[in-house]
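Visitor: Spelled out, the chains give:
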Amino acid sequence: MTDPLAKSNKRLVGILSLITLAMLGFGFALVPLYDLFCDVTGLNGKTGVADAKAVEASRVDTSRWVTVEFTSQVNGLAWEFRPMQNKIRVHPGEAALVKYYAHNRGLETAAGNAVPSVSPGEAAAHFKKVQCFCFTRQELKAGESREMPVQFLVEYDLPKEVKTLTLSYVFFNADKTQAMTNKDEESNASPG
Amino acid sequence: MATAATAHHDEHPYGIMRWLCTTNHKDIGTLYLWFAFIMFFVGGAMAMVIRAELFQPGLQVVDPHFFNQMTTLHALVMIFGAVMPAFVGLANWQIPMMIGAPDMALPRLNNWSFWLLPFAATLLLGGLFAPGGGPAAGWTIYPPLSVQGGMGTDFTILAIHTLGISSVLGALNIIATILNMRAPGLTLMKMPLFVWTWLITAYLLLAVMPVLAGVVTMLLTDRHFGTHFFDPAGGGDPVLFQHVFWFFGHPEVYILILPAFGVISQILPTFSRKPLFGYDSMVYATGSIAFLSFVVWAHHMFTVGLPTAGELFFMYMTMLIAVPTGVKVFNWVSTMWRGSMTFETPMLFAIGFVFLFTIGGLSGLMLAIVPADFQYHDTYFVVAHFHYVLFSGSIMAIMGAVYYWLPKWTGNMYNEAQGKWHFWLTAIFFNITFFPQHFLGLAGMPRRIPDYALQFTEFNVWSSIGAFGLGLTQLLFLYIVVRTIRGGKKATDRVWEGAHGLEWTLPSPPPYHTFATPPKVD
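If you read the protein sequences in the order shown, they are chains A and B. Residues in the first sequence are numbered consecutively from 1, following my numbering. Residues in the second sequence are numbered consecutively from 1, following my numbering.
To be clear, the hints were calculated from the coordinates, so they are not data collected in a lab. Source: prediction; values computed, not measured. No false leads were slipped in.
Derived BS3-like pairs (lysine-lysine); straight-line CA-CA distance at most 30 Å:
1. A:Lys-128 - A:Lys-160
2. B:Lys-490 - B:Lys-274
3. A:Lys-129 - A:Lys-99
4. A:Lys-10 - B:Lys-190
5. A:Lys-128 - A:Lys-163
6. A:Lys-87 - A:Lys-99
7. A:Lys-99 - A:Lys-141
8. A:Lys-10 - B:Lys-520
9. B:Lys-520 - A:Lys-7
10. B:Lys-190 - A:Lys-7
Partial chain A-side listing against chain B, Cβ under 7 Å, derived:
11. Ser-8
12. Ile-19
13. Gly-121
14. Phe-172
Positions of the beta carbon are idealized from the N, C-alpha and C atoms, including for glycine.
Just chain B, with the same shape it has in the complex (with noise of 0.2 Å):
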């Protein structure tokens, strides 16, 4: 496909004001994909923290209020600086690719939602240096200990807010490039699944994070402004906030994960050299999961003391969810089926995903139980589950995504082998890290608690050692990476031999203008 770029089209200032000022999809999308980058380590760091105290039993390494601290800012950091910015990168990158669209459909009001977010985290770290020092009463920042907090828990409210106005904003860009700048021909059922489930995150994003802002509001307010919305003394109901937090909560767990159920469905069919089985399918299914996300919040607060009506409601529609995601993981593995495949990085990455992400999913359905959640509630075997689907879900199909796609983005092709060894160990020490955690919260560890009875120790041992191996892999992506942007072995345009759609008919790496002129879809 040639593209009308010309040479001064393809002109861009330099230093640091073609960061600053730039309003070019490629340009914010590598920005976003950077600063997700560096808060994965932010975040990691502070897994660190939290693995190396649990080496052991009793306190050894920091002291409990600061342990609380590193387990609330880990979860906040990759949930809000890590894996979102990470798919709002790659829909920067990919989308208007996809579509054939010349840009973002917002390009300015693009560049400011990036930049709003290095602000949200300074906010949000700088609460570590606060007296008081920085949040402490886990990501959910539940009423009333969020109410006690110090200024630390202002200053995640407060990045808690920038980082919500940066998503609904860089929501409505997506929603309006994918609506409004398809190429002529592509229409809505032709389109890649990536673009699929972004848009539909998109939407979730919209409804969602207002509902976030509020009730952290509402939070600040109680805090410094006299109202009692969460305080029982003036009337109010702290279950009321976890009602509406988890109203935004369980969608956002979707907006974590969709986008990566497009991804992966991108690069399944590539490497199997089929198209994806059952597109339609797939697409409604991902229409389901969105719309049954609204209707499930209640299942995080089973033993808040539900009436049985109400616990058997969120049971039942919690465990319908398994239909279309089932339907997913079918459909993956029936692309697979019969394909002839081969198992490149970015292929081991999309398989790992089926594997690990099926067994949170199950782990999942395990906690939609409501007699058997009072048993698991606020346990290890609820973090070992989510970290199946967050770590083992969106982590690594974003790292599959980076492997797929870092070759049409830079021009080179990536290691191979050292991309392999990136995967495998990945995998490994991860199962290494997470597994025994299952057993662990069957066996009733809690979780955020620094320390453990002794008969824990085994398990926890073999989980810290696992972090530790996790935590020093990844270092060897991001050298990885850094290797493929400075040089390595040409691309070709398609770069996978598998590979269809309009992104792959652009040379590699793009110009920095791409689909001046639409490209036409039959």
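Here chain A stands alone, though its shape is the one from the complex (with noise of 0.2 Å):
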């Protein structure tokens, strides 16, 4: 093998090697950049987040109604968990109040994380939670039961064609987050 040949691979290998670390780089980069392109086109689901003033602040359409139902699931927990009413209808630009209920059937104490999802998706951008029990780890000793309030609002420039909308609760074990193997611990308790 001739000199400058051997340099020339050599240069060629280090920048072929650089361009495979930098896709090694960008396959991880991918994971932040899906939840950016999510937070801001609001797919999958991803709700935001607003604050009282912004409720305040905000205009109300009262010439339309939105159906908003609720849903929930329980992974990993022995826990009830349920809305305490199915559905509301409120104008868009209102906030409404909600509550589910929880309780621990288990026998001991155990904490749970919510993970909220709003369907259809384009809608989702334009659900904001005011307060939610979803923003903080709830604990519930041994057959203590609670009612968890949500408030919420539905932005007024939602879009026209959208009547309703669902919001699902999924309840996972706080300290046992990939406790799926315990099957026997999972209920479900949707409403009717």
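With the hints as a guide, bring both chains together as one complex.
Guide: Rendered as structure tokens:
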């Protein structure tokens, strides 16, 4: 092998290795990029947050109604968890308060994180939570039950074609987030 | 063409050390091809288990968990163990001889890229003997199912890492060889098409294998190190896995088929005794397919709930790929048009490829249509589609390539009558196996299920009988290859009267070292 060839091989392989490493980095960068993309577009049911000031400042479109439905699921917790009303009607721009009911049917204290999702996807960006039990970790002692409030706002500029929204919560075990092994603990308390 | 090889250069160590320590591109090519051949039979045996179970409705041969391991491993073994190494083996043997280079650019790295493979294969198959068995979540290892699997899934993840390193190193080597070691006068636009398709494939490998390595690493840390990339409980998202996986997965599909396009573009002109029709457009079409492969990944996930705009984008991009692919198919047909064709075994495989791959391409277009895909998704229609592009596409092209170049590699002609039997039995049994699966899929039979509804029985019986025939036929292929290596009618240097290219100017078999002095190309 002649020397200039060895040198140009070395340089080329160096460049190609950098491409490879860059693509490895890109693979990991897709994770934050995906979250950013979902936040910006509201795809994937990711909901937004609004503060109390935004609620007061919001205009209310009294000319139309939107139905908001509620569902719930439990994953990895021996809890009963259900919305206390199946659906309500609100005007876009108007804040509303609903409650979920949670009851620890297990024999031990357990903590859960609730993860929200809104469908249809194009409406999710217009669904803002003002106050929600899903913002913090919730702990229930054995046999304890609690009402969990959610205050939300469907934005004034919700697309006209959206007439119904569904808000879904999944309560995951906060201490054992990958608790998929113990299927017996799973319960599913969606409203009838 | 006289080679400058002296007697000293032709010496090589004998016995096992020759193969363990070799840095010779021909030896490494041979190792890759034998490895691929063995994996082809391993993966084939798994397919036999699948078809035996599906011969009748109900569960009779294996339990469903083992069935799922078979479908998962059949795919992984065939993709990463058989098709990819076979193409790298062909590249190792052929690229230096086709471009007039003495060897690959980085011979030691070449040795390492190969010897990673047996370890990767051991890890992958070793999973079967781990507690909980092998991976059973499908070759796409979607979470959350793959997060729950046993140790076998970890084996698979580490095997994928090793295979990925091997492919990336192989790709680096191939790019360096092609870009830096061409004979004087052999410009890029004069390269044989097999070399062109491999150059583009190697770039695809560099771009996507690291992404696969990244996504399976995330899966591994989700399984064992408390991360939540794909776990909604911790703010992750299983759909993210699908996006990243298919960002790798769709270019991977073209990694599996582009070198096959190259092989066909070598074989058809030889036996049509005409130059390849539309050489330039073939190169540009290959490049366009590779480029488009990065913007179509979500057509594998139309049913996850993409927004309408996203579905339309991925649908149109996918359909756009039909244009460069159509250019290729028409160029192949035009190459044959009014050629003085003969039908030796390599040519039969090439024509079989053009015919059957086109059927696979058309069923792919059907799957690209979003509303239709909602019906076809995860059914046997998809299984039929990707076997038409992978078996009658990639694998039949590899078989054609072996028949085409085996006389050059060994110096012996294979038995033509046996080769033709191999082709016809393969083509007929292939169609008996996979054509009925289109109908099964359209009627709603889901894939990756060990049992099925009674009305699907008849087509499944056909499919199983075809599969057993197809499997047995490949033993004939092994027999033909072994017999040709051990002896047979001596092949001439040119082997085929219509063959053109630097490899045919070498003796058959070529000496251990070739083109120590580069040939001149005008």
